[in-house]
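Engineer: Here's the letter readout for the chains.
Protein chains: 4
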Amino acid sequence: MTHIAFIGLGNMGLPMARNLLKAGYPLSVFDLQRSAVDTLVGEGALAADSATDAASRAQVVISMLPASRHVTDLYLGENGLLERLKTGTRVIECSTIAPEAARKVHTAARERGIVLLDAPVSGGTSGAAAATLTFMVGGDTEALEKARPILAAMGRNIFHAGPAGAGQVAKVCNNQVLAVQMIATAEAMALGVANGLEPIVLAEIMRQSSGGNWTLEKYNPWPGVMEHAPASNDYSGGFMVELMAKDLGLAQETANHNGNSAPMGALALQLYRLLLKQGKGKQDFSVVQQLFI
Amino acid sequence: MTHIAFIGLGNMGLPMARNLLKAGYPLSVFDLQRSAVDTLVGEGALAADSATDAASRAQVVISMLPASRHVTDLYLGENGLLERLKTGTRVIECSTIAPEAARKVHTAARERGIVLLDAPVSGGTSGAAAATLTFMVGGDTEALEKARPILAAMGRNIFHAGPAGAGQVAKVCNNQVLAVQMIATAEAMALGVANGLEPIVLAEIMRQSSGGNWTLEKYNPWPGVMEHAPASNDYSGGFMVELMAKDLGLAQETANHNGNSAPMGALALQLYRLLLKQGKGKQDFSVVQQLFI
Amino acid sequence: MTHIAFIGLGNMGLPMARNLLKAGYPLSVFDLQRSAVDTLVGEGALAADSATDAASRAQVVISMLPASRHVTDLYLGENGLLERLKTGTRVIECSTIAPEAARKVHTAARERGIVLLDAPVSGGTSGAAAATLTFMVGGDTEALEKARPILAAMGRNIFHAGPAGAGQVAKVCNNQVLAVQMIATAEAMALGVANGLEPIVLAEIMRQSSGGNWTLEKYNPWPGVMEHAPASNDYSGGFMVELMAKDLGLAQETANHNGNSAPMGALALQLYRLLLKQGKGKQDFSVVQQLFI
Amino acid sequence: MTHIAFIGLGNMGLPMARNLLKAGYPLSVFDLQRSAVDTLVGEGALAADSATDAASRAQVVISMLPASRHVTDLYLGENGLLERLKTGTRVIECSTIAPEAARKVHTAARERGIVLLDAPVSGGTSGAAAATLTFMVGGDTEALEKARPILAAMGRNIFHAGPAGAGQVAKVCNNQVLAVQMIATAEAMALGVANGLEPIVLAEIMRQSSGGNWTLEKYNPWPGVMEHAPASNDYSGGFMVELMAKDLGLAQETANHNGNSAPMGALALQLYRLLLKQGKGKQDFSVVQQLFI
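Residue numbers (numbering that gives the first Met the number 0), protein chains in the order written: chain A, 0 to 292; chain B, 0 to 292; chain C, 0 to 292; chain D, 0 to 292.
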C-alpha cells in the first residue's frame, strides 16, 4: 500500500493522519511538537526527524500547516522539500493558504516534475475526526483520481475545483459566503427577537424561505434554537473566530490581487476583527451574534 | 361561501384575487386603476366604486397595497375603512409595510373590534400567479386558523410568525438575509471566476458546502449557471431591485426603531441604491452581480 | 424688547434660555420638568403652565425638544400650538429632527400665517453654555434677518442653509460627515500605533496633510493626544454616542426618503449602534476608538 | 555637492529628479523607459545603463517605483542593489509600498551597513512639479537630518514619522482617512442637494463646522463648487482612482498583518474598486461623487 508522509499534526492534521492509519496506510509522521508524533507512533505510525526524513520513505506527501508562510517555507525555503523529493513523489497540500502562494508552490513543483494538488478542507475538527471532511481540490484531473482513495479515507465530499490553486480559491469563496450569511442571520435573529418573535419560529420561517442558508440549516447562532449548535453550548467547539478571520483575510488578499470588489466579505472581516479585539478569537464564529444583542 | 373584498389589484393583487375567484369565493374588487377591476369583472368579480363599497358587501377584506402610507390611509385616514367596517368583518392585510405601521393598524382595529392579520407574502408575481406564495402572518392564532382556507387558495406555505406585526417583521428579516446572501454569492462568483474557476463548478461546490444558500439553490446570479434564473434571462423577471431596496429600507427603519445594529443589511441597502442610481431598478435583484465584474 | 417663549429646558435648552435672559430678553419658560422652570425663574424668567401659556405672552416662540415626535406633537398635535398662536408670532424651532418632519411643521405654519424657521444647532452643551453655538437655519431670508439678534445671543455662527427644512438637512449632512471622519481617524490612529508610531506624531502628520479634518484639529479620539478632548478625560463630556446615533439615524431616514445611497453614513450608524449595545451610549462619540484597540 | 542616483522616472520621479537638477545636484538617472532618461540628460543629468551603474557614481540613491515588488526586486533581488552599494551610500526610498516590504528592505540595508530612509510622498504630480511635496519619513533621526536638504529641494513639508517603515505607515493611514472623508463628503453633498440645498452653501456650512475636512477645504467633489478642483474639470488631473485603490489596498494589507479592524477603510477600498470596474481608474478620486447622484 502507498506509503504516506504526513507533515503537520495539529488539531486538524492529527485526526486526519489517524484516519489514514485506520485505513491501513503505512505512515511516516512529522511535527515540531514531538508529543503529536508520539501519539501517532503509539497508533502505528513511523516517527520522522524532519519533513525531509518523513518524505524520504514515502510515495505521497501530505501537508497540513497553519498558513502560507509555513507552506512556502516547507516546500520552497532553504533545504525546501521540493529540492529533495524523489521523482514520482506526489504531494497533497491540505493547508488553507493564499491562492497566490498555492500557485507558486504548484509552479515550482511542476518545474521539478512533482505532481501536486492543493486540497484545502472544510468540516472542522469534528469532520477531521469523523473522516467526513470536504476537500476542494486544485490541480490535474488525473492526479486527483490517483489521490482520491487517500482523500476518501479522510473525507466524504471531494470536489475538483479546477487547475492549480483552484482548491484554495473555492475554499476562500465558500468561507466568505459562509461568514457573510452567518452575520446576516445573526442580524436578522436579533432584529426579529427585538420585535417580539420567538427565535425558533423566526429561524424556521427563514430556513424554509428565500433567506434559507446553511447556518439556518445546521448552525443557528441564537442560543437554544439548535441543541447541538455551538451557540447552544456557549459558542464553544465549531470553527473559531480567529480561523474565520484568517480565511476572510485570504479572501480579501485574493480580491486585492485581482482588483475585485467584495464589500460584504470586507465588512465581515472587519466585524470578525472586532470580535478578536474583544478577546473572542477562540470562540465559535457564530458568537458574532453577541455583537447585535 | 365567504364574500371577500379585495382592495389593490396591482402586479401581485390581481393574480391573487384571480386565485380566490378560481377557488369559488364571491369577490368584490376595487383599485384606482379601472382596467384591473374590469379584468376581474370579466372573470366573475363584482366591481366596487370604492374600498368602502367593496367592503360593505364582504365578511373578509383583503388589501394588497404598495407601501405603509397607502395602508394607513386606507384604514386610518379620513373616511378610513376601520370606521366603516361592519362588526365581525375580518381583515387580511397582505401589503409589505413597516412593522410599526402594521402594529398601528392592528391597534386601531382592535379598538374597533375588528380582527386583523398582517400577512405579507413572498414568492413574487410568479408565485402569485401559481398560487404558491408564502404567507408570513402576524396576529391571533384563532384568526389565522379561520383565514387559512382563504390564504391556501393563494399560497402554499403559511407561517404563523407571532402576534400583531410579526408577519411584517419575519418578512423584513427574511428579505434582509436574502439580499445579503445574494450579494455575498455574487461577490464570491466574481472572485472565483476572476481566478479561473468555472462558474458552474464553483456554484455547485458552494451549494453543497457551508456557503450553501437559497440563491445557490434556486437563483444563481451568474448568467448561464441556472437556465431558468433571471440571471440567464438578462436579469428580467423575478424580484425587482426597487422592491428589494424598499424591503431593505423597511428592515433598516425597523432596526432604527429598535436601536438594533444590522451592518450587513445596511450595506446591502446602500448597494441596491447604487443600482437604482444606475437605472437598474426594474431588473431582477440578482443584477447586483454586475457591480462586481 | 421682544418677549420670548422658550419651550424645552433640557441640557441644551436651559443654557440657551439663560443666555437670552442675560441678553435682556423678557422670557416665559416651560418644561415638563418643573425644576428646570424654577431654576430659570430664579434668574428672572416667568414661569408658564404650558407651552400655550408661555406662547400667549410672546412675540417669538423658541422650542428645543428631543425628537421629531415631540415637535410635531407640540405644534400639530391635539391642542397644537400652531392653532393657538397669535397672528404675527414668529417661531424658531431649534430641535434636531427629521427634515421631513420639519417641512411638515413649516407647511402647517405657513397655512396659518405663522413665520417659522428650523434652526438646529451644533456645538453641544458647552457651546450652549458659552453662547458659541452654530445655527443652521432653514426658512425665509427675511425671517432669518429678524431672528438674527436673538440667535446671536445664543450662538456665534449663523448659517442660512436654504428654504424650509434646509437647516435640518445641513445638520444631518454635517453630522454624518463628522461621524464618518471620527471613525476613520480612530481606525487610522489604531493602525498607526499598532505599527509603532507615536500617537501624537501620527495625529500631527495627518492633521497637516490631506487626511486633515475637524476631529484631528479639535477632538482627537486617542487618549492623551489632546489634553482637553473627551478622549483624554475618559470619553466624558462632549457629544454622546446616543445623540450621534440619533443624528445618523435621521441622516439615513432622509436618504431613505430620497432613495439616496450613503454607505459610509450607514456603516457609521451601525458601528455607533454596536457601541450602544455595549452600554456606551452616554460616553463621548470619540469612544468609537475603543472598538479598534 | 552630493552626487545623487535617481532610479524610477515616472510621472512622479521625473519632476522630482528635475527639481534636484535645478537645485544643482549632480544626478545620474536610470529608468527602463529610455525616453525619460533622455529628457533629463537634455537637462543636465548623466545617463546610466542600469540602477547599479547609476548608484556606482553616487553617494545618495533615491528610488521612486510603482509598487512593493519593484522595490524589493531593486534592492533585494538577484543582483540586488544592496549587495553592490559602496559602504557609506545613503538610500532614500520614496515609493509608496507596504510597510512590511519597507521594513524588510530596511533590515537588509542595516545588515549591510547601508543607511536607508523610507520617504513616501503626498502631493501628486503637481506637487512633484512644484517642489511642494510632503515627505513622511521613517528611519533614524540623524539620517533624516542629513537627507533634509535633498528632500527640501523636492518638497515643502518633511515629517519624521518614526523608525523604519513609519513613513509608509503614516502615508497609508493618512490616505485611508482621506479616501473615507472624500466619500463621506460626496455622500453628504448628494444628500443635501437631493433635499434642495445649494451645493456651494452646504459645502461652506460643513467646511466651517465639525464636518470640516481637507476635501471641503481644497478639493470638493461636487462639480462647480471649487473652480480649480478636479470635480470642476471633469474629474481630470489630481489623484487617480487606481492610485487611491492601491493605497487603500496597502492600508488593508497592513491592517491584515496587524489583525486590526478598519471598517471604513475597507468599505472605501471596495467602493473604489467598483469605480475601477466602471472604467474610471484614470479619473480623479473625487469621481466617487458619481456613485451617489
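Rather than coming from a laboratory, the hints here were simulated on the basis of the structure.
Small disclaimer: the values here were computed from a predicted structure and weren't measured.
It cannot be assumed that every hint is accurate.
No distinction is drawn between identical chains; accordingly, a pair holds when it is met within one copy or between any pair of copies.
[Unchecked claim] In silico EDC-like cross-links for lysine to aspartate or glutamate, where the CA-CA straight-line distance does not exceed 20 Å: (1) Lys-217 - Asp-139; (2) Lys-281 - Asp-72; (3) Lys-217 - Glu-203; (4) Lys-279 - Glu-203; (5) Lys-279 - Glu-241; (6) Lys-85 - Asp-48; (7) Lys-85 - Glu-241.
Engineer: State for each hint whether it applies.
Structural biologist: Checked hints:
1. In the homo-oligomer, the alpha carbons of Lys-217 and Asp-139 never lie at most 20 Å apart, since the shortest distance is 33 Å inside one protomer and 30 Å across protomers.
2. For the homomeric pair Lys-281 and Asp-72, neither the shortest alpha-carbon distance inside one copy (26 Å) nor that between copies (39 Å) is at most 20 Å.
3. Taking the shortest alpha-carbon separations for Lys-217 and Glu-203, both the intra-copy value of 12 Å and the inter-copy value of 19 Å come in at or below 20 Å.
4. Neither within a single protomer nor between protomers do Lys-279 and Glu-203 lie at most 20 Å apart by alpha-carbon distance, with minima of 28 Å and 32 Å respectively.
5. Only within a single protomer do Lys-279 and Glu-241 lie at most 20 Å apart by alpha-carbon distance; the minimum there is 8 Å, versus 26 Å between protomers.
6. For the identical chains of this complex, Lys-85 and Asp-48 are intra-copy neighbours only, at 18 Å inside a copy versus 43 Å across copies, given an alpha-carbon limit of 20 Å.
7. For a Cα distance limit of 20 Å, the shortest separation of Lys-85 from Glu-241 qualifies neither inside one copy, at 37 Å, nor across copies, at 46 Å.
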